[in-house]
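**Q** If you want the building blocks of each chain, they are given just below.
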Amino acid sequence: MASQGPPGMGPVMVLNSKTQRTHGRQAQLGNIAAARAVADIIRSTLGPRSMLKMLLDPMGGIVITNDGNCILREVDVSHPTAKSMIELSRAQDEEVGDGTTSVIILAGEMLINAEPFARANVHPTVIVRGYNYALQEALSICEKLALTVDVKDTERMKDLVQSCIGTKFSSRWNDIMIDMALKAVLTVARETPMPSLLPGDGSSMYSQKMEVDIKRYAKVEKIPGGEISDCTVLSGVMFNKDVTHSKMRRRIENPRILLLDTPLEYKKGESQTNVEITDEEDWNTLLKMEEEYVENMCMEIIAFKPDIVITEKGVSDLAQHYFAKADITAFRRLRKTDNNRVARATGATIVSRTDEIRESDIGTGCGLFEMRKIGEEYFAFFEECKEPKACTVILRGGSKDVLNEIERNLTDAMQVVRNVVFDTRLLPGGGATEMAVSTGLRRAGLKLEGVQQGPFLAVGEAMEVIPRTLAQNCGVSVIRTVTQLRAKHAAAYEEAEQDGKDIFPKCNWGIDGTTGKLVDMDEFGIWEPFSVKIQTIKTAVESACMILRIDDIVSGSKKKGY
Amino acid sequence: MEAPNPSSTGLFINGSRETGQDVRVGNVTAALAVANIVKTSLGPVGLDKMLVDDIGDVLITNDGATILKSLEVEHPAARVLVDLANLQDQEVGDGTTSVVIIASELLRRGNDLVKNGIHPTTIISGYRTALKAAVSYIKKEMVVNVADLGDEHLINAAKTSMSSKIIGKESEFFARMAVDAVKSVKMNATQADLAGYEAMSEGPTAIASAKKQRSKYPLSAIHILKAHGKSSTESHLIDGGFAINAMRAAQGMPTFVEGAPDSPVKIAMLDMNLQRHRMGMGVQVIVKDPAEIENIKRREMDITKERIRKIIDAGARVVLTTKGVDDLCMKYFVEAGIICARRCNREDLKRLAKATGGKVVTTLADMEGNETFDGECLGACDSVREVRIGDGEMLYVYGCAGHGASTIVLRGANEYMLDEMDRALHDSLCVVKRMLESNTLVPGGGAAEAGLSVHLDDYANTIKTREQMVIQEYADALLVIPKTLSVNAAKDSSELVAKLRSAHARGQHSEDPDDAGLKFTGLDLVEGVIRDNLAAGVVEPAISKIKSLRFATEAAITILRIDDRITLNPSQGQ
Numbered sequence: 023m024a025s026q027g028p029p030g031m032g033p034v035m036v037l038n039s040k041t042q043r044t045h046g047r048q049a050q051l052g053n054i055a056a057a058r059a060v061a062d063i064i065r066s067t068l069g070p071r072s073m074l075k076m077l078l079d080p081m082g083g084i085v086i087t088n089d090g091n092c093i094l095r096e097v098d099v100s101h102p103t104a105k106s107m108i109e110l111s112r113a114q115d116e117e118v119g120d121g122t123t124s125v126i127i128l129a130g131e132m133l134i135n136a137e138p139f140a141r142a143n144v145h146p147t148v149i150v151r152g153y154n155y156a157l158q159e160a161l162s163i164c165e166k167l168a169l170t171v172d173v174k175d176t177e178r179m180k181d182l183v184q185s186c187i188g189t190k191f192s193s194r195w196n197d198i199m200i201d202m203a204l205k206a207v208l209t210v211a212r213e214t215p216m217p218s219l220l221p222g223d224g225s226s227m228y229s230q231k232m233e234v235d236i237k238r239y240a241k242v243e244k245i246p247g248g249e250i251s252d253c254t255v256l257s258g259v260m261f262n263k264d265v266t267h268s269k270m271r272r273r274i275e276n277p278r279i280l281l282l283d284t285p286l287e288y289k290k291g292e293s294q295t296n297v298e299i300t301d302e303e304d305w306n307t308l309l310k311m312e313e314e315y316v317e318n319m320c321m322e323i324i325a326f327k328p329d330i331v332i333t334e335k336g337v338s339d340l341a342q343h344y345f346a347k348a349d350i351t352a353f354r355r356l357r358k359t360d361n362n363r364v365a366r367a368t369g370a371t372i373v374s375r376t377d378e379i380r381e382s383d384i385g386t387g388c389g390l391f392e393m394r395k396i397g398e399e400y401f402a403f404f405e406e407c408k409e410p411k412a413c414t415v416i417l418r419g420g421s422k423d424v425l426n427e428i429e430r431n432l433t434d435a436m437q438v439v440r441n442v443v444f445d446t447r448l449l450p451g452g453g454a455t456e457m458a459v460s461t462g463l464r465r466a467g468l469k470l471e472g473v474q475q476g477p478f479l480a481v482g483e484a485m486e487v488i489p490r491t492l493a494q495n496c497g498v499s500v501i502r503t504v505t506q507l508r509a510k511h512a513a514a515y516e517e518a519e520q521d522g523k524d525i526f527p528k529c530n531w532g533i534d535g536t537t538g539k540l541v542d543m544d545e546f547g548i549w550e551p552f553s554v555k556i557q558t559i560k561t562a563v564e565s566a567c568m569i570l571r572i573d574d575i576v577s578g579s580k581k582k583g584y
Numbered sequence: 088m089e090a091p092n093p094s095s096t097g098l099f100i101n102g103s104r105e106t107g108q109d110v111r112v113g114n115v116t117a118a119l120a121v122a123n124i125v126k127t128s129l130g131p132v133g134l135d136k137m138l139v140d141d142i143g144d145v146l147i148t149n150d151g152a153t154i155l156k157s158l159e160v161e162h163p164a165a166r167v168l169v170d171l172a173n174l175q176d177q178e179v180g181d182g183t184t185s186v187v188i189i190a191s192e193l194l195r196r197g198n199d200l201v202k203n204g205i206h207p208t209t210i211i212s213g214y215r216t217a218l219k220a221a222v223s224y225i226k227k228e229m230v231v232n233v234a235d236l237g238d239e240h241l242i243n244a245a246k247t248s249m250s251s252k253i254i255g256k257e258s259e260f261f262a263r264m265a266v267d268a269v270k271s272v273k274m275n276a277t278q279a280d281l282a283g284y285e286a287m288s289e290g291p292t293a294i295a296s297a298k299k300q301r302s303k304y305p306l307s308a309i310h311i312l313k314a315h316g317k318s319s320t321e322s323h324l325i326d327g328g329f330a331i332n333a334m335r336a337a338q339g340m341p342t343f344v345e346g347a348p349d350s351p352v353k354i355a356m357l358d359m360n361l362q363r364h365r366m367g368m369g370v371q372v373i374v375k376d377p378a379e380i381e382n383i384k385r386r387e388m389d390i391t392k393e394r395i396r397k398i399i400d401a402g403a404r405v406v407l408t409t410k411g412v413d414d415l416c417m418k419y420f421v422e423a424g425i426i427c428a429r430r431c432n433r434e435d436l437k438r439l440a441k442a443t444g445g446k447v448v449t450t451l452a453d454m455e456g457n458e459t460f461d462g463e464c465l466g467a468c469d470s471v472r473e474v475r476i477g478d479g480e481m482l483y484v485y486g487c488a489g490h491g492a493s494t495i496v497l498r499g500a501n502e503y504m505l506d507e508m509d510r511a512l513h514d515s516l517c518v519v520k521r522m523l524e525s526n527t528l529v530p531g532g533g534a535a536e537a538g539l540s541v542h543l544d545d546y547a548n549t550i551k552t553r554e555q556m557v558i559q560e561y562a563d564a565l566l567v568i569p570k571t572l573s574v575n576a577a578k579d580s581s582e583l584v585a586k587l588r589s590a591h592a593r594g595q596h597s598e599d600p601d602d603a604g605l606k607f608t609g610l611d612l613v614e615g616v617i618r619d620n621l622a623a624g625v626v627e628p629a630i631s632k633i634k635s636l637r638f639a640t641e642a643a644i645t646i647l648r649i650d651d652r653i654t655l656n657p658s659q660g661q
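Chains as they are written, first to last, in this note's numbering: chain A, 23 to 584; chain B, 88 to 661.
Isolated chain B, as found in the complex:
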């Protein structure tokens, strides 16, 4: 395959062109460079990156997707990998680093095969076959179906995902928090949702779903608030509660309101101004009689007053609005002993509305043209309290009446730490959600990859075509995960991976039932030995493993298919 000289192609374009092996090598080099950047952040002994932008703002993170997003990757092929990490982040939420590493390894090996004279299309079809075999093997052999998932497994999975992160040392604490948070937002799924899940989670989960009423865990209902100060272990979850970063609008208001068991505290959530009423833009009122102007003025005040009166009469004891409240109007709330907060975040209010079973009210106008405040729109909760955190205040809403909502208040030494804790916790929440929805798990710590590698090697031997070589390479490529894990832990990777493979080979070939557990063998990176990772509690949701394999293979294929790159020169500006 001779690469044609760009100048002799006779292509009269304003730009440069690279073809054949040149472009492939360039792409693979770029992909490897990207993978090398995130490589050291993989695994429980992975380290963090500090990213500084040109203004000097600092970002400290361990999350692959975040690292790649913040690095301005310019090479087009490398960008594919960045997008890949983003996709994984959106779809699964965790495993962003490993997906990039696998994809780049597949590319490297693919490139070597091309050099050895195998046509890219053969490699592509080989990769596809291997992927198919791998996925069906995971589903058949590796997956542990936990029909009734105990907390223990969930906590283990959350712990596994956060072990590489900054909160890894407190994983016990945060894992429990993540599990509690996700469980607290449990919703019974509607029929439409169920259909969606069937489509999304193929295979073994369908069996589980038949057995069990399916539930939904909307992570958006979990609110994460960050407040610096104290230490990370003083972070807490407000179960069934909600916290808003807002403070009472006037000092005369009470710091808490509390309801009796039969009369909960009503919360009004408004998306409108409680300021003196003013005509819309451009509306001019022309009056003849000067006395009228006084009336207009008075009326302006009264309109808002009547509105407030209606809200208070509806029984609201807490009023939250996204817009402003005049000092003028504050007094009515103060007198009625109502907590009022202004300039709340609209998104927060929407969530609170969902949590308390209320509605965000944008106008008081009703169908008859009058103004009324419907009591139905009020949310209900047990109590609302203003809490001092650090130098500021927050409103805590306890015991929301509606379906689940929870708030996690994170505390930490400084902002950078809080941001990173937020990202780490998000990953764990995603993992717990996946686990709860799919009910299946696979052992982590390189166990699944090693098992697949051994299995695919055997499988390759049954293939009589040229693809055999490709599948073997695919099998080897998967070993990059255990290898990187042990390299990061400063352990002897060759030896550990060899041990791991042999354990899996024995587990797969032996008829001895004692050896059946060997397929869960993974790495213990602290001690530098191999062990049964299922028993050790290092587990991941099966679906995330399958998805990350799929994404990685697809990305590798996309890049391998490229054999020509044309870069247009930037057009000359006028």
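Chain A on its own, in the form it takes in the complex:
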């Protein structure tokens, strides 16, 4: 940045000359263009007729996906606004796990619709204010439109999950996937013991009764080979480890399981100790002691008569020998997370010192233990658990890439189920909610006075991008379909008005993403979780507002504080 100094002097350099600066309208329009570019990248991956993207990373690896977050994560963008858009889809992914594509498309559309205002010199704060009014209105419309579902109603839940992963690659195997997602989540779900008095009003929104920890307790194991139809959810857990000694038993019914997180081999103390040996005898004693130490531990374990011993650390040859003699099957070097899962599935407690084992630490919840060979590898299965509060999902498929994509889809599906378990309200899918909001906003907007009216209506128009993109992706005439849909929703309002009562018309008409026809979502059975939709709309509008408020971009300054 250089300002012109008095004549005869050079320009006065105030800032580092390497920095670049764009400001005013130019910055705003640049931001909008960047947002549009990001939205355009993933526009084609929305809906059941979506296309996949193949991405090559610098290492030469490939990713084939239609998951919005996944695509954007791999795309290396340099524009700061585009980056902030990508952050959105990450936040969405972490918070609700679904709707990552729609949030970007919606946010992009919000910004695109603001462009005419920016060009017409409407002050950004006015646009922002209009957008916020619209957001409030949109949320209240969504709330009126919502429908509560019973989590135990399997049919309804199936429809729901179907609508969510219908767009994904594995749609041929829909039924299996849906069953798997449902089973996995309902297995993992458990009632949280609630504190009797709920302290603080701020916490009430987090006072869900259920706890569903998919990340930790529903492990997805991908095994290349086999067919997609071979995928299952175990009522128990499985891990990729072989027994330590080939003579050990490979099939046990109702095993007693002991979990350890200590090494079953001799380990030196933490403190630095030196032993000075002057005697030959002492050397022998030292070795013997080490052996005795291992033996001792093994004996302590054997005293409890477990059938299976699993430890997170190593098992020495000597210990293996003792176990084999006592007819105990041992596993070593299990991961902490796997061990936790086994503990929860079988009801065992992980023990850290062998001299502190108690009868209650032994897990007896497992019905069948079996070693199975899949492909070239051995897997340990713990099945038929009585109350498995943890599970393993086994995915089979042709190649690693296919498996990765199925895993992403399944994760989405599980997140959908989880969201419904938390908040049992649903909203119609297939663009029906968006169109209802859009229609509602248009009507409310006309009654609004002042400059905000334009931006308010623009939000309504922007919401139409979802049905529009759905229609576009399945190849029907976009204008005809969307106008028909709009007419349907408008007619519902007219009808409600004629009835004279001030009731909100529940119009669930949307677009069938496969055929492009208009269908009533109530009959068609496409629903989406309330929390995902709400989060999508909120995030889209808030981020659009943030980007609109920027009028100056300075780039190239050095990172401070490092």
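Quick caveat, the hints were computed from the structure, so don't treat them as lab data.
All clues given are correct.
Here are the simulated lysine-lysine pairs, DSS-like style, with alpha carbons at most 27 Å apart: (1) 290/A x 392/B; (2) 422/A x 237/A; (3) 313/B x 237/A.
Please read all numbers here as calculations on a predicted model, not as lab measurements.
Got chain A sorted already, so can you dock chain B onto it with the hints?
**A** Just chain B now, kept in the frame of chain A:
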């Protein structure tokens, strides 16, 4: 005043030299350039800046101090302004943008006066006189003394400060949150603190302090946690509670513990390892008997076990440590049904200790050489709960027993937004704190500046020296605030400022009691009209206005005094 040619000064230095008018013009140009950068971010209709560093990290902000800090300002005079904004940020916390704008305007006008042949020292003394008059006028006339400050005024002040920020649209929500947060950390000030306040807040506040028991609001007790996801309105305040960004160390631990009314949940806060004990660096134990080595090993485990036992026996039901906990030791906690979290932030623990009335324990050793865990060190609260937020977990501590502490958990669309919300909220918290401590407020939205400008104009007429001109310029310079406000709002600034001035002139000169309220006239930037900003609830703490005037004037004077600049060439490296 002829600027000597640098080459003919005969100064044999390895560098360049600028003197006289040249350097002054250069400085003023630089200051104006800095002010121009932050100008558009002033006021409720100001906009944000996006700053991108060379790695590509993005910062979106509206805060003047943050903008200037992140821009690498190189010009020495401009750096003075950057430091000025920082100073304002530290001292007052809010108004960083306006202080820079006023200072640069003072400089510009000062420079013009110099061009007209007025010596800089006259300008400086004129500015000082004007400042003195302005401050005493604010204290006498503009200040509204609100002895018993209702929530309404506090919320209004918080709203005013955040109106220009990203959370401005949710100002009602966040203002209430800020006020609640500051009130929840109220402490009765000690005598020493009181003395400090007397020194800091001069004048009208002394009267208030005589009437009222003075309280202290340490903002450091308000903890702000950021977690992306959800929307900004889902941010919440945990009143009297504390949240730590840590999760249970083992899955077997309970997700919450709760105390009965008569037996609160005890929290142990440790700053030590709960790992297998190991000798310090370089300590070697040499044993003769091989059996001893086994004993050493066993002892190592037992030492930690005994420590844990002592902590559990003291009644702790939640154990938080800044260091690690071995898997080995985790089991004892799991069995006792205790929530244990490791690798907590030490600062957070210190705050929690303050909040729950406990102490952070660094060692268990006592004076007798034994190891004991003193029950006194345990903090107390109603319940502790692990809460899932987004993809991670946090520990919420409710109903802390000690004196105030509060946590605000911010939610937002993405990281950039959260960072900006954090900065905005910090400003508002500072404002609320100032209000509560000083009990006085002035109308905002350009009202104070316009009033001062009119008053100083009159005052200038009573001065018979050359300083009269300077004071008039000072009066005009203050109008830069209402002018910038209305320019940012895309309103007709000349007309609005004229209206504003005339309203204030009438209010100051008229004897009619009906016109007394006119001195609170300020701008309504949304509608583009003038109105009574006191009634409209646009208010600022008086102390921040006074301080920002002081800082701005001092900075302008510092720069005006410069008449020579020598830049040494960088020494040639070996």
